[in-house]
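Visitor: Listed below are the residues making up each chain.
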Amino acid sequence: MTQENEHMPTPSRLADVKAKVGHIPLVRKKQFIYSYLAFLAVYGIFMLPPKGSPSAIELLLVVVYYALALVWAAIIFSDELKSDKIKTVVAIGLLALLGWLYYQYSTARWSEMTFLFFNGDVIRKAWPYLVRGFWTTLFLAIAAAIISTILGLLLAVFRSFNNPVLNFFIILYVDVFRAIPIIVLMMVIYYALPFMNIRLSAIISGIIALGLNSSAYVSEIFRAGFLSIKKGQIEAAHALGLNSIQTMRLVILPQAFRVVIPPLVGNYVASAKDTALASSISIIELLKAALAQKALLANPSPLIFVTILYIVMFVPLTRYSGYLERKMQSSKRQINV
Amino acid sequence: MNKNDVMIETVDLQKYFKDLHVLKGINTKVTRSEVVAVMGPSGSGKSTFLRCLNRMEEPTSGHIYVEGIDIMAPYIDINKVRTEIGMVFQSFNLFPHLNALENIKLAPMHVRKISDKEATDRGMQLLNKVGLSDKALAFPEQLSGGQQQRVAIARALAMQPQIMFFDEPTSALDPEMIGEVLDVMRTMAKEGMTMIVVSHEMGFIREAADRILFMADGVIVEEGNPDEIFKNPQHARTQDFLSKIL
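Chain order of the listed sequences is A and B.
The opening residue of the first sequence carries number 1 in my numbering; numbering runs sequentially from there.
The opening residue of the second sequence carries number 1 in my numbering; numbering runs sequentially from there.
Some hints could be false.
Said to hold, decoys possible - Some chain A residues flagged as far from chain B (calculated, every beta-carbon gap over 10 angstroms): (1) I45; (2) D79; (3) Y103; (4) L116; (5) F158; (6) L185; (7) P194; (8) L250; (9) Y320.
Claimed, not checked - Facing chain A, according to a computed beta carbon distance under 8 angstroms, are these residues of chain B, among others: (10) F17; (11) N27; (12) M56; (13) T60; (14) H63; (15) M87; (16) S91; (17) P96; (18) L106; (19) K113; (20) I114; (21) S115; (22) A136; (23) Q160.
If you are wondering where the hints come from, they were derived from the structure by calculation, not from laboratory data.
Note that the Cβ used here is the ideal one computed from N, Cα and C, for glycine as well.
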């Protein structure tokens with residue numbers, strides 16, 4: 001026997017393993033695994049209740065069935081000699097079984113799913129409102145991004161002066177607006193301020209609330225960006241006769257922007273998702289439009305449609321910000337090494 | 001000596017870092033075209049002295065005259081003064097977001113307000129002078145330490161300063177790169193540039209420096225021409241220091 005055989009047993013060399021261990025455990029024996037599988041098949045055919053809402057005892061039978069299937073799968077998963085391909089097939093089978101059992105015994109109206117969730121007629125009727133809602137969402141997201149960038153950058157610049165009084169107020173601002181949930185901030189601005197005779201339209205309230213919240217995060221991102229710039233850079237700029245404004249504009253900001261772009265994009269994405277909260281102060285953005293149409297047309301398809309739209313919009317954006325972050329990391333490594 | 005030939009003069013220059021008395025009254029003059037080497041053990045205040053001369057560090061008291069003008073005066077625009085003083089740092093401090101040529105062009109264009117074309121011409125000339133005309137478009141991270149320091153020298157020269165400060169310009173370099181930087185500095189000295197160099201490069205100092213200021217504990221304990229000081233140091237601190245590095 002060669003060295004290789006000793007160290008890398010393969011399924012076809014079960015005999016070798018047996019020779020070494022002395023015996024193969026019962027659960028690893030082919031006969032056991034196949035008879036277990038046969039037992040599951042028999043159980044599935046004869047013991048499982050008919051389709052429809054099950055009684056308590058019937059439900060117990062279903063749960064026990066799935067538990068037994070889990071045990072069988074666990075035996076496969078824990079076997080080092082089984083290939084990853086087999087384990088993948090078993091895992092998919094396990095998920096499919098769960099789906100099938102739920103489909104069989106839940107009281108959900110599966111047959112009406114297309115009509116209820118993916119109703120083309122309803123979507124067509126709701127379409128103009130959904131489009132308007134989309135533009136409102138986009139407007140909210142962009143307006144909040146612009147406001148938060150300007151505010152956040154200003155706060156970070158003021159913070160870099162390192163004046164203790166200014167710092168106190170900036171830290172207070174950041175802490176307070178990170179602490180207040182956005183929806184609370186919206187409600188305070190839209191529902192409480194009018195009592196003080198400060199009346200802002202819903203859309204302005206929404207933008208302000210999103211902007212204030214996001215600016216707190218943006219200022220911290222920019223601050224980290226400024227801190228990442230070495231003191232020598234500022235000294236070199238001053239030694240060349242650049243004044244403070246030129247140093248900020250030509251040396252600090254261009255370098256800081258490179259560092260902050262990945263977290264900044266991530267922050268904009270998060271902030272854009274938070275626009276859905278504006279539905280709580282009667283802004284007819286995407287979610288509110290879908291809810292209104294759902295109620296009007298007595299069909300939830302608009303809501304499902306909007307959910308899918310959010311996924312389609314934000315999965316690429318979240319991916320993109322993750323990509324930027326990785327790119328940043330690798331370029332940083334290049335510089336440091 | 002003509003009074004107009006004095007480039008920099010310090011009178012009782014003092015610097016405290018909180019309670020730490022780093023400079024205890026420095027009085028010296030540097031004349032035009034003079035190359036002055038500042039030596040001394042670490043903690044002697046030599047870097048602080050150099051950094052005080054263009055108010056990179058704010059002196060606590062005393063006077064600094066640059067071409068006869070008191071730069072400690074309250075109405076002085078220190079940025080204007082700094083345009084006449086080139087500075088080269090131990091850690092190069094090139095701007096990493098700009099390539100070699102852009103590093104050199106930045107200050108002439110934004111401070112001296114010269115045209116892009118003029119700045120490019122001047123930048124290429126200087127890169128040629130430091131032997132890096134083929135690296136004009138390279139970013140700092142693509143250059144070796146010695147190359148970065150040569151670009152940094154070119155960047156300082158692009159402002160056409162009256163005087164150049166070097167703060168341990170070769171201390172952060174691998175040994176095989178020190179020579180290329182010192183060669184550039186030697187050429188500058190020969191061309192008559194006024195230079196103050198904080199350095200312990202004995203060979204360079206012996207060859208290029210007109211005078212050594214030897215500092216210890218925040219004062220100049222001895223000064224004179226390199227041959228004299230290296231051969232026959234008078235002060236105990238100088239003798240002790242030189243015996244350790246020679």
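Visitor: Please go over all the hints and tell whether each is borne out by the structure.
Guide: Quick rundown of the hints versus the structure:
1. I45: 68 angstroms, holds
2. D79: Since the minimum Cβ distance to chain B is about 50 angstroms, D79 (chain A) lies beyond 10 angstroms and the statement holds.
3. Y103: Consistent with the label, Y103 (chain A) stays out of reach of chain B, its closest Cβ about 58 angstroms off (over 10 angstroms).
4. L116: For L116 (chain A), whose nearest Cβ neighbour in chain B is about 55 angstroms away, the distance exceeds 10 angstroms, so it holds.
5. F158: Its Cβ never comes within 10 angstroms of chain B, the nearest being 22 angstroms, so this holds.
6. L185: 37 angstroms, holds
7. P194: 48 angstroms, holds
8. L250: 6 angstroms, violated
9. Y320: 22 angstroms, holds
10. F17: Check failed: Cβ of F17 (chain B) comes no nearer than 15 angstroms to chain A, outside 8 angstroms.
11. N27: 24 angstroms, violated
12. M56: 6 angstroms, holds
13. T60: Constraint on T60 (chain B) not satisfied, violated at 19 angstroms.
14. H63: 21 angstroms, violated
15. M87: 4 angstroms, holds
16. S91: The hint holds - S91 (chain B) has a Cβ within 8 angstroms of chain A, the shortest such distance being about 5 angstroms.
17. P96: Hint on P96 (chain B): holds, closest Cβ of chain A at ~7 angstroms, below 8 angstroms.
18. L106: Cβ of L106 (chain B) sits 6 angstroms from chain A, so the hint holds.
19. K113: For K113 (chain B), the interface hint is violated, since the closest Cβ of chain A sits about 12 angstroms away, which is over 8 angstroms.
20. I114: Violated: closest Cβ of chain A sits about 13 angstroms from I114 (chain B), beyond 8 angstroms.
21. S115: With Cβ-Cβ at 17 angstroms, over 8 angstroms, it is violated.
22. A136: 19 angstroms, violated
23. Q160: 11 angstroms, violated
When held up to the earlier numbered hints, the structure conflicts with 8, 10, 11, 13, 14, 19, 20, 21, 22 and 23 and fits the remainder.
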